[in-house]
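Undergrad: In case you want the letters, here they are:
Number of protein chains: 2
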Amino acid sequence: MDIKQVAKDTARVMASYLTYQAVRTIINQLSETNPPLAIWLSNFSSSGKIQDGEVYLKDLLEVNQELAFRVMTVRDYLAEEVTEFLPSMVCTEIKQANIEHRRQHLERLTRLNWSDSSLSPEEDIQNEINLDDPVT
Amino acid sequence: MDIKQVAKDTARVMASYLTYQAVRTIINQLSETNPPLAIWLSNFSSSGKIQDGEVYLKDLLEVNQELAFRVMTVRDYLAEEVTEFLPSMVCTEIKQANIEHRRQHLERLTRLNWSDSSLSPEEDIQNEINLDDPVT
Chain A
1457 MDIKQVAKDT ARVMASYLTY QAVRTIINQL SETNPPLAIW LSNFSSSGKI
1507 QDGEVYLKDL LEVNQELAFR VMTVRDYLAE EVTEFLPSMV CTEIKQANIE
1557 HRRQHLERLT RLNWSDSSLS PEEDIQNEIN LDDPVT
Chain B
1457 MDIKQVAKDT ARVMASYLTY QAVRTIINQL SETNPPLAIW LSNFSSSGKI
1507 QDGEVYLKDL LEVNQELAFR VMTVRDYLAE EVTEFLPSMV CTEIKQANIE
1557 HRRQHLERLT RLNWSDSSLS PEEDIQNEIN LDDPVT
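Each protein sequence line maps, in turn, to chains A and B. Going by my numbering, the first sequence opens with residue 1457, and the numbers climb by one from there. Going by my numbering, the second sequence opens with residue 1457, and the numbers climb by one from there.
Hint data in this document are derived by calculation from the structure and do not stem from the laboratory. Wrong hints could be hidden among the right ones.
If chains are identical, the list can't say which one is meant, so a pair holds when it fits in one copy or spans any two.
[Said to hold, decoys possible] Quick list of in silico lysine-lysine cross-link-like pairs, DSS-like style, CA-CA up to 30 Å:
#1 Lys1505 - Lys1551
#2 Lys1551 - Lys1514
#3 Lys1505 - Lys1464
In this text, all values refer to a predicted model and were calculated from it rather than measured experimentally.
Input sequences plus hints: build the corresponding full structure.
TA: So, in structure tokens, the structure goes:
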């Protein structure tokens, strides 16, 4: 398991995700101050290229330098504000989700076992008799 | 800007991404120890539902409990190992990428300005004359 590579890939994915969050923030701000520009940025960002934050920024720089600089500033700010809480949040998120999956799975299995063994009372009695008297 | 919500969303995206990395790790391990199972897991995971790690795990639990538990264990391990380095890695990643975008953009602008002003020597002289003698 190449932990170093996983960490590197995860950091890159997070940088892209924070770019997306920065764009969302700016679209929200613009929808109050400059609605036409909010619509323009929203259309520009919906083409799927925001999946890769760096390609997105390169393209945005060529058509609207001011907005691109604003996205860079906001994502930098978000990274500073958000990342320090992430280690504990992600670990907790995963541990809690794992517990919940195990609980639901156990519940499902118990339900299945219960429905397998939910025979009619007569059958239950017959089973009890059989259990009580292994000779029969 | 709702920093708390951004942090929460980012943690959820990261948990999903680490689930994907855990699955990749397990497919790699299985391709050495149990190639048919590696192919099965690879096919199961390629249907796009791995985008949401929790939906993916829920589905996997129903068809292969052992593999689902293994994914949960590995993603928990990855979270413990990887997340502590992420705050500085993500901040550095974003700052460096921002610097690089600004540098490339400045270079492009400089190139454009240079090509605008790259006239022939005769034209330069003529321009100089015009500049020196605003009356003409």
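Undergrad: Now, for every hint given, state plainly whether the structure supports it.
TA: Quick rundown of the hints versus the structure:
| no. | hint | result |
| --- | --- | --- |
| 1 | Lys1505 - Lys1551 | between (32 Å within a copy, 21 Å between copies) |
| 2 | Lys1551 - Lys1514 | between (37 Å within a copy, 15 Å between copies) |
| 3 | Lys1505 - Lys1464 | both (21 Å within a copy, 23 Å between copies) |
Hint check: no violations occur; every hint is consistent with the structure.
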